[in-house]
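A.B. asks: Sequence:
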Amino acid sequence: MDLSLLVILIICVLIAAWFIRYVASIFFENIEPSVTEKAKFLSSNLTVYYKHQIGAYSGTAAICQEIKSIVPSDCITFGIFYDSPEDVKEHLLQSAVGVIFSIDGKSLYSDNYAQQLTRLGYEKMNISKVGKTVQVIQRNRGFLSFFALLTNTYPILKKYIETHRLETTYSMEFYTSDHFYVYFPLENAEELRVPEYKSVERLEADMAKKCFDSDLSDSESEPEQTTDMEGN
955 MDLSLLVILI
965 ICVLIAAWFI
975 RYVASIFFEN
985 IEPSVTEKAK
995 FLSSNLTVYY
1005 KHQIGAYSGT
1015 AAICQEIKSI
1025 VPSDCITFGI
1035 FYDSPEDVKE
1045 HLLQSAVGVI
1055 FSIDGKSLYS
1065 DNYAQQLTRL
1075 GYEKMNISKV
1085 GKTVQVIQRN
1095 RGFLSFFALL
1105 TNTYPILKKY
1115 IETHRLETTY
1125 SMEFYTSDHF
1135 YVYFPLENAE
1145 ELRVPEYKSV
1155 ERLEADMAKK
1165 CFDSDLSDSE
1175 SEPEQTTDME
1185 GN
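For the sequence shown, my numbering assigns the number 955 to the initial residue and increments by one for each residue that follows.
If you're looking for bench data, these hints aren't it; they were derived computationally from the structure.
Treat the hints with care, since some could be wrong.
Restricting the straight-line Cα-Cα distance to at most 25 Å, the calculated cross-link-like pairs of lysine-lysine (DSS-like) are [stated by the list, open to error]:
no.: 1; residue 1: K1043; residue 2: K1005
no.: 2; residue 1: K1022; residue 2: K1113
no.: 3; residue 1: K994; residue 2: K1078
no.: 4; residue 1: K994; residue 2: K1005
no.: 5; residue 1: K1112; residue 2: K1163
no.: 6; residue 1: K1113; residue 2: K1086
no.: 7; residue 1: K1060; residue 2: K1005
no.: 8; residue 1: K1005; residue 2: K1152
no.: 9; residue 1: K1112; residue 2: K1164
no.: 10; residue 1: K1113; residue 2: K1005
no.: 11; residue 1: K1152; residue 2: K1083
no.: 12; residue 1: K1113; residue 2: K994
no.: 13; residue 1: K1163; residue 2: K1078
no.: 14; residue 1: K1043; residue 2: K1060
no.: 15; residue 1: K1043; residue 2: K1022
no.: 16; residue 1: K1163; residue 2: K1005
no.: 17; residue 1: K994; residue 2: K1022
no.: 18; residue 1: K1043; residue 2: K992
no.: 19; residue 1: K1083; residue 2: K1043
no.: 20; residue 1: K1113; residue 2: K1043
no.: 21; residue 1: K1060; residue 2: K1083
no.: 22; residue 1: K994; residue 2: K1060
no.: 23; residue 1: K1083; residue 2: K1163
no.: 24; residue 1: K1112; residue 2: K1086
no.: 25; residue 1: K994; residue 2: K1086
Pair ranges (Cβ atoms, derived) [what the hints assert, rightly or not]:
no.: 26; residue 1: E1141; residue 2: H1045; range: 26 to 36 Å
no.: 27; residue 1: A1162; residue 2: K994; range: 33 to 43 Å
no.: 28; residue 1: S1061; residue 2: T1117; range: 33 to 43 Å
Virtual Cβ for every residue (Gly too), placed ideally from N, Cα, C.
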């Protein structure tokens, strides 16, 4: 075998081995859920800017990217998820996506950033300390880490909640450059509820009414069709 070809082959094998090891380190990370009263971020009083979203949770990524185009890219973004995709239809899922602006009264950014966020439709909200919560922490190693969060971390977390028979409602995720922090509050979960939130039943009823009103408006705006009977 040609020496140069052998060198290329060895390099390819080493790269493949490194990639496999890299992927394995992401998807087979040791995840250990626990209950804590000192959850990072949630054990502090927060001021946040957020957007309320209705629809598939996959849409939250675009909002996070928009935030990072406004405030420094090392910002702490978050997602609050009010419904289980297993129980609620995709078009009725509700979430709130935003950025931490201050922690325990200490601002992380200047007011200029707050003004920019407000102009783009972000709302301001204060979140008081949340008490006891189920938590899990996963390292953030880039794009593949989000898949690991869904396919590995969440199943482990849900099994922990079921095994310990814990009562949970909403979930909240914080995203930093190094880690993902996932929480299911056991106390004061209402602190995470944004004013725009509606129960699934009310949201579904409002959507049905809006659709009916739209159809009614369309039918009323259609010109009346007349038939010239005399010409027939």
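A.B. asks: With the threshold set at 25 Å, check whether the alpha-carbon distance from K1043 to K992 stays at or below it.
C.D. replies: Roughly 34 Å separates the two Cα atoms, so the pair is violated.
A.B. asks: Against the 25 Å threshold, does the CA-CA distance of K1113 and K1086 hold or violate the hint?
C.D. replies: holds, 18 Å
A.B. asks: K1083 and K1163 were given as a pair; does the straight-line alpha-carbon distance stay at or below 25 Å?
C.D. replies: violated, 37 Å
A.B. asks: With the threshold set at 25 Å, check whether the alpha-carbon distance from K1022 to K1113 stays at or below it.
C.D. replies: violated, 33 Å
A.B. asks: Assess, step by step, whether the Cα of K1060 is no farther than 25 Å from the Cα of K1083, and give holds or violated.
C.D. replies: holds, 15 Å
A.B. asks: Straight-line Cα separation of K1005 and K1152 no greater than 25 Å?
C.D. replies: Between K1005 and K1152 the Cα gap is close to 14 Å, so the pair holds against 25 Å.
A.B. asks: Assess, step by step, whether the Cα of K1112 is no farther than 25 Å from the Cα of K1086, and give holds or violated.
C.D. replies: The given pair, whose Cα atoms are some 17 Å apart, holds under the 25 Å limit.
A.B. asks: Could you grab the alpha-carbon distance between K994 and K1086 and see if it respects the 25 Å cut-off?
C.D. replies: holds, 12 Å
A.B. asks: Decide if the proposed pair is consistent with the structure: K1043 and K1022, CA atoms, cutoff 25 Å inclusive.
C.D. replies: Outside the cut-off at roughly 29 Å; violated.
A.B. asks: For the pair supplied as a hint, K1043 and K1005, confirm whether the alpha-carbon distance does not exceed 25 Å.
C.D. replies: holds, 20 Å
A.B. asks: Please work out if K1112 and K1163 have their alpha carbons no farther apart than 25 Å.
C.D. replies: violated, 35 Å
A.B. asks: For the hint 33 to 43 Å, verify it against the beta carbon of S1061 and that of T1117.
C.D. replies: Holds, at about 41 Å.
In this structure, the hints that do not hold are numbers 2, 5, 9, 10, 13, 14, 15, 18, 19, 23, in rising order.
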